[in-house]
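There are 2 protein chains.
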Amino acid sequence: MQQGLLIVISGPSGVGKNTIISNLLDKLPNLRYSISATTRNPRPHEVDGQHYYFISEELFLKKIEAMEFLEWAKVYKDYYGTPKDQILKLLEQGIDVILDVDVQGALQIKKAYPEALLIFLAPPSIAELKNRLINRHTEDSSQIETRLRYIETEFQNVPSYDYFVINQEINLTCSKIEGIILAEKCRVSRQEANFLNKIFGNDNNS
Amino acid sequence: MQQGLLIVISGPSGVGKNTIISNLLDKLPNLRYSISATTRNPRPHEVDGQHYYFISEELFLKKIEAMEFLEWAKVYKDYYGTPKDQILKLLEQGIDVILDVDVQGALQIKKAYPEALLIFLAPPSIAELKNRLINRHTEDSSQIETRLRYIETEFQNVPSYDYFVINQEINLTCSKIEGIILAEKCRVSRQEANFLNKIFGNDNNS
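Quick mapping for you: the protein sequence lines, in order, are chains B and G.
Here the first sequence stands for residues 1 to 206, where the numbers follow the working numbering.
Here the second sequence stands for residues 1001 to 1206, where the numbers follow the working numbering.
No wet-lab data here; the hints were simulated from the structure.
Treat the hints with care, as some may be off.
What the hints assert, rightly or not - 30 angstroms max Cα-Cα, derived DSBU-like pairs, lysine-lysine:
(1) B:K198 to B:K63
(2) B:K198 to G:K1185
(3) G:K1198 to B:K130
(4) G:K1027 to G:K1062
Nothing here was measured: the structure is a model prediction, and the numbers come from that model.
Could you put together the complete structure from these sequences and hints?
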């Protein structure tokens, strides 16, 4: 059986990662979301164990020491990490796993797990991103400025990503990411070496 | 504007390349088929200038000398070639071009034009391929045996391809190739280096 794909989505805060991921999860039965752990405070409507595992800084640091994260990062003042065990089990079962991870974390994952698929989601424009951050009312204006200043650093890392998708329109963006998933499973470099055996094997089965 | 994609489809005779390509052309308005030239005899229902340019061996050899082909190859006793000019013009206009080319030709194209996308289409099994060759009544049994013996050589070249797609079911195969086309246009390695400019540029336009 083909190993599942580990799909890492990064992109500036406010670009629409949550919406895109939840649409993809609705459409693709073989896709699971891996819940991250974080020390930051939950936003209104965010549920522990659904959007994030909200844990204390003390517990987070213990988990780092116990190597329980596939990656972890400190963004602004908060820690974010990706629990390792559950993901590797799903991939072995051929299930695709999608992660929402910051650029630092994405690069750590690519290093630890080179088969990971890195997708950078970009806004159509900075002005639109700023509007979306203002309208979601989850950050004050100084936090928004901090996030916008961070964009340059994020974009400097795009060349390390596999795909760059501008989130112009949700359905189109989802189609592109679905296309990327379908395509990657057909990549010669992701398949076993003996291609002729694959089709001869099917003769024996039938 | 992003350059069009040059998509090369190869695969054993009888695998269904024609059907897949014609379905893709119906669905994708930005896709054009590049008609090959050949010295082989037309099959029943094949139309000159639509399925192939059917030309004499003498003219074919003149065109080789004049470097008018992106690739050419001799398969069995027949010559096949891909006229260069029209393809490069379409790609520059951002139009995607799809070609049906033998493995020798595909590798020549990849060498001359490394951005080309090589897709190998495989049958679900050898038995099914043989049935399809028998049922299309275009080759006699000795020609069919020759084609089947050639499969091993074809498959030895799969590692030089970008994608390996098993043509299990037409619609699924088309979705996979559509996915590949969408995905390739998002690949970081196919895009201009300055990613931040792309979205800042959009602020100036609006």
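These are the hints, each one checked on the structure:
Taking the CA atoms of K198 of chain B and K63 of chain B, the gap is about 42 angstroms. The hint is violated against a cut of 30 angstroms. Of the supplied pair hints, the one linking K198 of chain B and K1185 of chain G holds, its CA atoms being roughly 29 angstroms apart against a limit of 30 angstroms. In summary, the hint linking K1198 of chain G to K130 of chain B is supported, as the alpha carbons are separated by about 16 angstroms, within the 30 angstroms threshold. For a cut-off of 30 angstroms, the pair hint linking K1027 of chain G to K1062 of chain G is broken: about 37 angstroms separates their Cα positions.
Against the hints set out earlier in the document, violations occur for numbers 1 and 4.
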